[in-house]
Amino acid sequence: MKSAGSVVFSNLPMLFAIGVAMGMATKEKQVAAISGAVGFFAMHATINAMLQLNGLLAPGALPNGSLGMSVGINSLQMGVFGGVLVGLGVAALHNRFYRIELPATFSFFGGTRFVPIVTALTYVGVGILMFYIWPTIQDGIMHLGGLVNRAGYAGTFIYGFIERALIPFGLHHVFYMPFWQPDWAAPKLLTGSQSLARRTSSLPNWPARTPRSFR
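Position 145, counted from 1, in the sequence shown is what my numbering calls 161; the numbers after and before it change by one each time, with no gaps.
I should point out that these hints are in silico values taken from the structure, not numbers from a laboratory.
Heads up, a few of these hints could be off.
[Unchecked claim] Derived CB-CB ranges, DEER-like:
no.	residue 1	residue 2	range
1	E117	V140	21 to 29 Å
2	G176	G141	32 to 40 Å
3	S19	R112	34 to 42 Å
4	F124	L69	29 to 37 Å
Small disclaimer: the values here were computed from a predicted structure and weren't measured.
Glycine included, each C-beta is placed from N, C-alpha and C at the ideal position.
All chains should be modelled from the sequences, with the hints used to inform the complete structure.
So this is what it looks like as structure tokens:
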């Protein structure tokens, strides 16, 4: 049951791309659904190609939380928002072009067959655009997290509110990184068992423990 549930939730962005496109289409909804998947693959494959060309897939090239796997493609972490973006765009393309008539030479590609084609071409362009735009959005969310982190007790409430508000869009991964790894300038690898042992053993009323107890 856990595996069956996790595979659904891990692929929610693509399901949203398909579902929103199908739901917003006026006719030929099945074509819109297929086109939603095509657009999602095209966008993230393009982003992946741009990341590779610019050497940004290497560890440490981007802040933690910036990248994520989308249907097996290492891409920018766009979450469900990326799926909704694809779904809305595909629905608009579908409603405009599903009855298009092409010249006789290309008539085979007219009508509903044209929708996946124009979707793929469009979302190659959208993928290139997102490669340049989305990191700025991620950076803004990350700086917001840093601001909340410095807000003291009030930041605790703000953190919970914003983090929960971003979960439906899958953007909370970027927001909570400043809280989990605040030392961006010099990240350090710690041995958790030893650090926990040293910290907790110094607390009052803490029974004697050895590092082995924390393994």
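Going through the hints against the structure:
1. E117 with V140: 21 to 29 Å: With a Cβ separation near 24 Å, E117 and V140 satisfy 21 to 29 Å, so the hint holds.
2. G176 with G141: 32 to 40 Å: holds, 38 Å
3. S19 with R112: 34 to 42 Å: Between S19 and R112, where Cβ atoms are some 40 Å apart, the hint holds.
4. F124 with L69: 29 to 37 Å: holds, 34 Å
Taken one by one, the earlier hints all hold for this structure without exception.
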